[in-house]
Amino acid sequence: DVKVTQSSRYLVKRTGEKVFLECVQDMDHENMFWYRQDPGLGLRLIYFSYDVKMKEKGDIPEGYSVSREKKERFSLILESASTNQTSMYLCASDREPNTEAFFGQGTRLTVV
Amino acid sequence: RKEVEQDPGPFNVPEGATVAFNCTYSNSASQSFFWYRQDCRKEPKLLMSVYSSGNEDGRFTAQLNRASQYISLLIRDSKLSDSATYLCVVNINSGGSNYKLTFGKGTLLTVNP
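Protein sequence lines, in the order shown, are assigned to chains Y and U.
All the letters of the first sequence, read from the start, carry residue numbers 1 to 112 under the working numbering.
All the letters of the second sequence, read from the start, carry residue numbers 1 to 113 under the working numbering.
Only true hints are included.
Restricting the straight-line Cα-Cα distance to at most 25 angstroms, the calculated cross-link-like pairs of lysine-lysine (DSS-like) are:
hint, chain 1, residue 1, chain 2, residue 2
1, Y, K71, U, K45
2, U, K45, Y, K57
3, Y, K71, Y, K53
4, Y, K3, U, K42
5, Y, K71, Y, K55
6, Y, K57, Y, K18
7, U, K2, Y, K57
8, U, K45, Y, K3
9, Y, K13, U, K42
10, U, K2, Y, K55
Computed far set for chain U versus chain Y, every beta-carbon distance over 10 angstroms:
hint, residue
11, G16
12, S26
13, F60
14, S72
No wet-lab data here; the hints were simulated from the structure.
The model shown is predicted, which means the values in this text are computed figures rather than measured ones.
Heads up, the beta-carbon is just placed ideally off N, CA and C, and yes, glycines get one too.
Input sequences plus hints: build the corresponding full structure.
See the structure below:
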């Protein structure tokens, strides 16, 4: 059974903290994505990666960075968390453009 | 213009009804097209891919019109279990052979007994 695993389901962090969200996939997928989902705004792409050590900015990269040191792992980093980064974060992976993308269960991050 | 736009909804329909969702995309370089389904508090999951020739899976029919940059999803004989948010998804070329998976905001469907 294919799997994308996010390290935490729920996270509460303080303003200014550095936050790491981890995502691991076991399907040997080339492409990995980080989204945030907010009511009324849908899923918005933060960053994506099409290969190890490669990354591209999505539509809302400000305040975030990513790391992909190994093919199976894609980390999202909030350099200095702010309250407007309170959101549901979803990681996804796929093999090619015309194939199914698989999502992790999501991490609900609250920044206080 | 947003890259992927969907009917805002919400849609409330009785069991057995036929319901149609529409979606438009702005980038003519878009490569592939999908409908995903997201249940409440769950992650999105693929419902079906959308092909130029149109495709059907049971009660679900998806259509793509590249000339009009328009995608549709038709659900016939709605069931209570069809209640979910339906997401239009487009792969948009981001340069070279790379692409980004872009979602519409989603349309909430509630099927009532």
